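Chemist: Below, each chain spelled out in residue letters.
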Amino acid sequence: MTEEEIRREYETIDRARKDPAAFGPLYEKYFDRIFNFIFTQTDDEDLTADLCSQTFLIALGNVHKYEFRGVPVSAWFYKIASNEVNKHFNKSNARKVYSLDEVHLRTLFEREEEEYSEETLIRLIEFMKDLSSEMLEVLQLRFFEEKEFKEIAFILNISESSAKMRTYRALDQLRIKFKVIVRDGKE
Amino acid sequence: MAKNEIKLRRRLIDESALQRHRNYSLLLQKHYREQRKKRSKRIFIYSIVVAVVTVLLLITASYFLIKWERERELKKAPIPTQQTELKP
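Chains as they are written, first to last, in the working numbering: chain A, -6 to 180; chain B, 1353 to 1440.
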């Protein structure tokens, strides 16, 4: 996203402060992305619809508090959505569900020129189950939502270096587990 | 036990499902309703605060008024003179 686009979105937010109807274009633009982001963490369409509606409602109600921090407005929506999802799971005491899109995973494998197979995929999912929620969150934002570290830091309310460290640590853990599998296979 | 549940999703959310849930006018209605609710709540809280402050002011004022009135009455009342009773 260019600097100019970010500025233009901020102007829309500025207009929405006086007239809430001006928020419409941002809602239309980001609804699908936020819906999918929440759906990945709930795997429940109705629950996702509720949380998504709540996300935009909170955004619209707090539009006067929004401060420009050099990141796209979408990062603010992701931040609210992430908080709402966490709040829901804390309240319901349920285990968080990450439903990874197979098509997207295949694209990631192809981009990294890694061999894609059903077996690798099952192993990856098994290994990911042992990662902490914090690590899964950064991986999701980095590789499935394709966010920059600056945005991830804003969304998760951490520093940019922490976001990078968390991502690399998660990748390292996965890499080590795969290496162990390869080594054991050779022996 | 694994920390999180990870699932593989083989189907994407179709456009019709997204279309079904996307409704800006409903969101706007909810927003206006929320704003009205917030405003009413704020007015209610302010009224309570004003009422409590008024009652406290009245209590303080009446306390001082009563005190002042008592002092005034004490000043007004004649000072009893010492009289020795004569025995017949």
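Derived by calculation from the structure, the hints in this document are not laboratory data. Everything numeric in this text was worked out from a predicted model, so none of it was measured. Ideal Cβ positions, reconstructed from N, Cα and C, are used throughout, including at glycine. Some clues are possibly wrong.
Claimed, not checked - Quick list of the computed label-pair ranges, beta carbon to beta carbon:
no.: 1; chain 1: B; residue 1: R1388; chain 2: A; residue 2: Y161; range: 41 to 51 Å
no.: 2; chain 1: B; residue 1: R1362; chain 2: A; residue 2: K170; range: 15 to 25 Å
no.: 3; chain 1: A; residue 1: E(-3); chain 2: B; residue 2: R1394; range: 33 to 43 Å
no.: 4; chain 1: B; residue 1: L1364; chain 2: A; residue 2: A14; range: 26 to 36 Å
no.: 5; chain 1: B; residue 1: R1362; chain 2: A; residue 2: L40; range: 11 to 21 Å
Claimed, not checked - When the alpha-carbon atoms are kept at most 30 Å apart in a straight line, the in silico DSS-like pairs for lysine-lysine are as follows:
no.: 6; chain 1: A; residue 1: K89; chain 2: A; residue 2: K22
no.: 7; chain 1: A; residue 1: K58; chain 2: A; residue 2: K80
no.: 8; chain 1: A; residue 1: K72; chain 2: B; residue 2: K1427
no.: 9; chain 1: A; residue 1: K89; chain 2: A; residue 2: K11
no.: 10; chain 1: B; residue 1: K1427; chain 2: A; residue 2: K84
no.: 11; chain 1: A; residue 1: K122; chain 2: A; residue 2: K80
no.: 12; chain 1: A; residue 1: K11; chain 2: B; residue 2: K1359
no.: 13; chain 1: A; residue 1: K72; chain 2: A; residue 2: K89
no.: 14; chain 1: A; residue 1: K58; chain 2: B; residue 2: K1389
no.: 15; chain 1: A; residue 1: K22; chain 2: B; residue 2: K1389
no.: 16; chain 1: B; residue 1: K1390; chain 2: A; residue 2: K11
no.: 17; chain 1: B; residue 1: K1359; chain 2: A; residue 2: K157
no.: 18; chain 1: B; residue 1: K1393; chain 2: A; residue 2: K89
no.: 19; chain 1: A; residue 1: K22; chain 2: A; residue 2: K157
no.: 20; chain 1: B; residue 1: K1382; chain 2: A; residue 2: K84
no.: 21; chain 1: A; residue 1: K157; chain 2: A; residue 2: K72
no.: 22; chain 1: B; residue 1: K1427; chain 2: A; residue 2: K80
no.: 23; chain 1: A; residue 1: K72; chain 2: A; residue 2: K58
no.: 24; chain 1: B; residue 1: K1428; chain 2: A; residue 2: K84
no.: 25; chain 1: A; residue 1: K89; chain 2: A; residue 2: K122
no.: 26; chain 1: B; residue 1: K1382; chain 2: A; residue 2: K72
no.: 27; chain 1: A; residue 1: K72; chain 2: B; residue 2: K1393
no.: 28; chain 1: A; residue 1: K80; chain 2: A; residue 2: K172
no.: 29; chain 1: A; residue 1: K72; chain 2: B; residue 2: K1419
no.: 30; chain 1: A; residue 1: K157; chain 2: A; residue 2: K58
no.: 31; chain 1: B; residue 1: K1359; chain 2: A; residue 2: K58
no.: 32; chain 1: A; residue 1: K143; chain 2: A; residue 2: K157
no.: 33; chain 1: A; residue 1: K22; chain 2: B; residue 2: K1359
no.: 34; chain 1: B; residue 1: K1428; chain 2: A; residue 2: K80
no.: 35; chain 1: B; residue 1: K1427; chain 2: A; residue 2: K143
no.: 36; chain 1: A; residue 1: K157; chain 2: A; residue 2: K122
no.: 37; chain 1: A; residue 1: K122; chain 2: A; residue 2: K11
no.: 38; chain 1: A; residue 1: K143; chain 2: A; residue 2: K170
no.: 39; chain 1: A; residue 1: K143; chain 2: A; residue 2: K122
no.: 40; chain 1: B; residue 1: K1390; chain 2: A; residue 2: K80
Chemist: When the structure is checked against the list of hints, which entries are broken? Sort them ascending.
Modeler: When the structure is compared with the hints, numbers 8, 9, 10, 12, 18, 22, 24, 28, 29, 31, 34, 35, 37 turn out to be violated.
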